[in-house]
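Asks: Which chain is which? The protein sequence lines are X and B, in order. Counting from 1, one number per residue, gives the positions in the first sequence under the numbering used here. Counting from 1, one number per residue, gives the positions in the second sequence under the numbering used here.
Just so you know, these hints were derived from the structure itself, not from any lab. By construction, the Cβ of each residue, glycine as well, lies at the ideal position given by its N, Cα and C atoms. Treat the hints with care, as some may be off.
Restricting the straight-line Cα-Cα distance to at most 20 Å, the calculated cross-link-like pairs of lysine to aspartate or glutamate (EDC-like) are [unchecked claim]: (1) LYS44/B / GLU215/X; (2) LYS161/B / GLU98/B; (3) LYS75/B / GLU125/B; (4) LYS3/X / GLU29/B; (5) LYS19/B / GLU6/X; (6) LYS111/B / GLU52/B; (7) LYS156/B / ASP116/X; (8) LYS10/X / GLU125/B; (9) LYS54/B / GLU152/B; (10) LYS189/X / ASP95/X; (11) LYS72/B / GLU114/B; (12) LYS155/B / ASP34/X; (13) LYS75/B / ASP34/X; (14) LYS46/B / GLU214/X; (15) LYS31/X / GLU32/B; (16) LYS10/X / GLU152/B; (17) LYS161/B / ASP116/X; (18) LYS155/B / ASP116/X; (19) LYS207/X / GLU37/B; (20) LYS10/X / GLU37/B; (21) LYS73/B / GLU29/B.
Residues on chain B that point at chain X, a partial pick, calculated with CB under 10 Å [to be verified]: (22) GLN28; (23) TRP55; (24) TRP58; (25) SER101; (26) TYR106; (27) ALA108.
Restraint ranges, calculated between C-beta atoms of paired labels, are given here [stated by the list, open to error]: (28) LEU68/B / ILE115/X: 42 to 48 Å; (29) VAL146/X / LYS75/B: 58 to 64 Å; (30) ASP95/X / ARG110/B: 35 to 41 Å; (31) THR96/B / ILE56/X: 52 to 58 Å; (32) ASN142/B / LYS192/X: 48 to 54 Å.
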Amino acid sequence: MEKSIESIWKEGFVNDDKLIAPKVNDLYNQKSIDLVSKFKKMYKINVIGIVVFSFIIVPVSYLVKIPYMGIMMFFLFNLIIIVNRKTIYKLNKIDNTLNSYEYLISFKNWTDKLIDTNTKFSRFLYPYMFLTMFFGFWCGEIGGDVPGDIITNGFINEYPHTPLVFGFPLVFVGIMLLAMIFLAVVGAKIGKWDFNLGYGRIMRRLKTMIKDMEELKK
Amino acid sequence: MSNDFYTNSILPHSGIIIKICRAYTDTQEDFEDYYQEVCLQIWKSKDRFREESKWSTWVYRLTLNCCLTLVKKKKNNRQNMPSDFEQKEIGVETKTFEDESLNLLYTAIRKLSEIDRAIILLYLEEKPNEVIADIIGTSKNNISVRIIRIKERLKKLLDGKIN
Numbered sequence: 001m002e003k004s005i006e007s008i009w010k011e012g013f014v015n016d017d018k019l020i021a022p023k024v025n026d027l028y029n030q031k032s033i034d035l036v037s038k039f040k041k042m043y044k045i046n047v048i049g050i051v052v053f054s055f056i057i058v059p060v061s062y063l064v065k066i067p068y069m070g071i072m073m074f075f076l077f078n079l080i081i082i083v084n085r086k087t088i089y090k091l092n093k094i095d096n097t098l099n100s101y102e103y104l105i106s107f108k109n110w111t112d113k114l115i116d117t118n119t120k121f122s123r124f125l126y127p128y129m130f131l132t133m134f135f136g137f138w139c140g141e142i143g144g145d146v147p148g149d150i151i152t153n154g155f156i157n158e159y160p161h162t163p164l165v166f167g168f169p170l171v172f173v174g175i176m177l178l179a180m181i182f183l184a185v186v187g188a189k190i191g192k193w194d195f196n197l198g199y200g201r202i203m204r205r206l207k208t209m210i211k212d213m214e215e216l217k218k
Numbered sequence: 001m002s003n004d005f006y007t008n009s010i011l012p013h014s015g016i017i018i019k020i021c022r023a024y025t026d027t028q029e030d031f032e033d034y035y036q037e038v039c040l041q042i043w044k045s046k047d048r049f050r051e052e053s054k055w056s057t058w059v060y061r062l063t064l065n066c067c068l069t070l071v072k073k074k075k076n077n078r079q080n081m082p083s084d085f086e087q088k089e090i091g092v093e094t095k096t097f098e099d100e101s102l103n104l105l106y107t108a109i110r111k112l113s114e115i116d117r118a119i120i121l122l123y124l125e126e127k128p129n130e131v132i133a134d135i136i137g138t139s140k141n142n143i144s145v146r147i148i149r150i151k152e153r154l155k156k157l158l159d160g161k162i163n
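When you get a sec, could you build the whole thing from the sequences and use the hints?
Replies: As structure tokens, this is what we get:
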């Protein structure tokens, strides 16, 4: 007679002691690998995005007649790419034969350095971007006219005694300098905010995992 | 996770955890991952245990939830894999128990939907329908009807020696 599923179950598990539980160790092995791979993937996609954008912006800036902006942006993006290539190289150097905890700590140290570099770099990046956009607009072309010339001439007509610095009204230079100083001061915060926007979730997971692992070790 | 917590609070229930994890995995590697993940989730969620139910019931519920989440994650990952790899993965079957009939029953159980697997596992563990209904989050009557249908499906699969 065919056995019922209940009896198959009972007889199969007549002795529950035979069920051997796997050893609970290295819980975070796969999790750590997944987390770091996800970060690497996102980071590489970002760098590729910058490469593509840096090459697109040059012809586009010529088409919309703001070539100075395109060229300056091209140099800026390529500088970012060079810095990032160096950081990726260091990331790939992290020894994946370490145990999960040490691996994550090495990764965390690497991200801390990356955030530190980004923060320093942002102090220069945002003022430079502002300058680039300003010059792009100032030296560009609208309907055959150069906006910078129109504004300067209009300003000189209105205030004939205004002093000029390299052809720019002194007031404009002052405003630009103030704006750049402001961006240099808040640049670090913008950089951190920008980093968190992209990688914040992964960073929070990383911190939680390290905290859990430290607690597990106790 | 302290050894004490594992020994006193998880190990006595490792039997049911193993049985449930086996029902949701095809390979030994996956099984070990699921088991470890369940243990970790129990440890991490232990402070949320409010003693409104028995510790064992809470462990069943957590184990099932954890397995269902992992199955869902795995399905999502498979969708991003090349099709030939996916077929190879699904085709793997492991004989995990000494008893051949039990291996066959597990193969049949793995053919059921995720929720039906949970229901039949709890039923086979002789949990009352009220408890199963509470864990699954449905009515007792619904559980009774579903158990009959699941048993019929399993019987068909076993009679046809699984297809």
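Asks: Now tell me, hint by hint, if it's right for this structure.
Replies: Structure-based check of each hint:
1. Among the hinted pairs, LYS44/B with GLU215/X is consistent with the structure: their alpha-carbon atoms are about 10 Å apart, no more than 20 Å.
2. For the suggested pair LYS161/B and GLU98/B, the alpha carbons sit about 18 Å apart, so the restraint of at most 20 Å is met.
3. Note on LYS75/B and GLU125/B: the hinted pairing is violated, with a Cα-Cα distance of about 27 Å set against a maximum of 20 Å.
4. Between LYS3/X and GLU29/B the alpha-carbon distance is near 31 Å, which puts this suggested pair outside the 20 Å criterion.
5. With a CA separation close to 14 Å, the supplied pair LYS19/B and GLU6/X stays within the 20 Å bound.
6. Proximity of LYS111/B to GLU52/B is assessed by CA-CA distance (about 33 Å); at most 20 Å being required, the pair is judged violated.
7. Distance restraint check for LYS156/B and ASP116/X: the Cα-Cα separation of roughly 64 Å exceeds the 20 Å cut-off, and the hinted pair is therefore not satisfied.
8. For the hint linking LYS10/X to GLU125/B, the alpha-carbon distance of about 9 Å falls within 20 Å, and the restraint holds.
9. Restraint check for LYS54/B and GLU152/B: the C-alpha separation of about 31 Å exceeds 20 Å, so the hint is violated.
10. Between LYS189/X and ASP95/X the alpha-carbon distance is near 31 Å, which puts this suggested pair outside the 20 Å criterion.
11. For the proposed pair LYS72/B and GLU114/B, the alpha carbon gap of about 10 Å is at most 20 Å, so the pair holds.
12. A hinted pair counts as satisfied when its Cα atoms are at most 20 Å apart, and LYS155/B with ASP34/X does not qualify at roughly 40 Å.
13. A threshold of 20 Å between alpha carbons decides the hint, and for LYS75/B with ASP34/X the separation of about 16 Å falls inside it, so the pair holds.
14. Distance check on the hinted pair: LYS46/B and GLU214/X sit about 17 Å apart at the alpha-carbon level, within 20 Å; holds.
15. A distance of roughly 14 Å separates the Cα atoms of LYS31/X and GLU32/B; the hinted pair therefore holds under the 20 Å criterion.
16. In summary, the hint linking LYS10/X to GLU152/B is supported, as the alpha carbons are separated by about 18 Å, within the 20 Å threshold.
17. Restraint check for LYS161/B and ASP116/X: not satisfied, since their Cα atoms lie roughly 62 Å apart, outside the 20 Å limit.
18. At most 20 Å may separate the alpha-carbon atoms for a hinted pair to count; LYS155/B and ASP116/X exceed this at roughly 63 Å.
19. Between the alpha carbons of LYS207/X and GLU37/B the distance comes to roughly 18 Å, so the proposed pair stays at or under 20 Å and holds.
20. Straight-line distance between C-alpha atoms of LYS10/X and GLU37/B comes to about 27 Å, which puts the hinted pair past the 20 Å bound.
21. A distance of roughly 16 Å separates the Cα atoms of LYS73/B and GLU29/B; the hinted pair therefore holds under the 20 Å criterion.
22. Annotation: interface hint on GLN28/B holds; nearest CB of chain X at approximately 9 Å, less than 10 Å.
23. Contact between TRP55/B and chain X, as hinted, is not supported at the beta carbon level, the nearest pair being about 17 Å apart and thus beyond 10 Å.
24. A distance limit of 10 Å between C-beta atoms decides the matter here; for TRP58/B the minimum to chain X is near 18 Å, and the interface restraint is violated.
25. A hinted interface residue such as SER101/B counts as satisfied when its beta carbon comes closer than 10 Å to some beta carbon of chain X; here the least separation is about 5 Å, so the hint holds.
26. The criterion of a C-beta within 10 Å of any C-beta in chain X is met by TYR106/B, whose closest approach is roughly 9 Å, and the hint holds.
27. With a cut of 10 Å, the hint placing ALA108/B at the interface with chain X holds, because the nearest CB-to-CB distance is about 8 Å.
28. Taken as a hint, the range 42 to 48 Å is violated for the pair LEU68/B and ILE115/X, whose Cβ atoms sit roughly 36 Å apart.
29. At roughly 59 Å, the beta-carbon separation of VAL146/X and LYS75/B lies within the given 58 to 64 Å, and the hint holds.
30. The beta-carbon spacing between ASP95/X and ARG110/B, approximately 39 Å, falls within the hinted interval of 35 to 41 Å.
31. For the hinted restraint 52 to 58 Å between THR96/B and ILE56/X, the CB-CB distance of approximately 55 Å keeps it satisfied.
32. A beta carbon spacing of about 52 Å between ASN142/B and LYS192/X agrees with the range 48 to 54 Å that was offered as a hint.
The structure is inconsistent with the numbered hints 3, 4, 6, 7, 9, 10, 12, 17, 18, 20, 23, 24, 28, although it conforms to all the rest.
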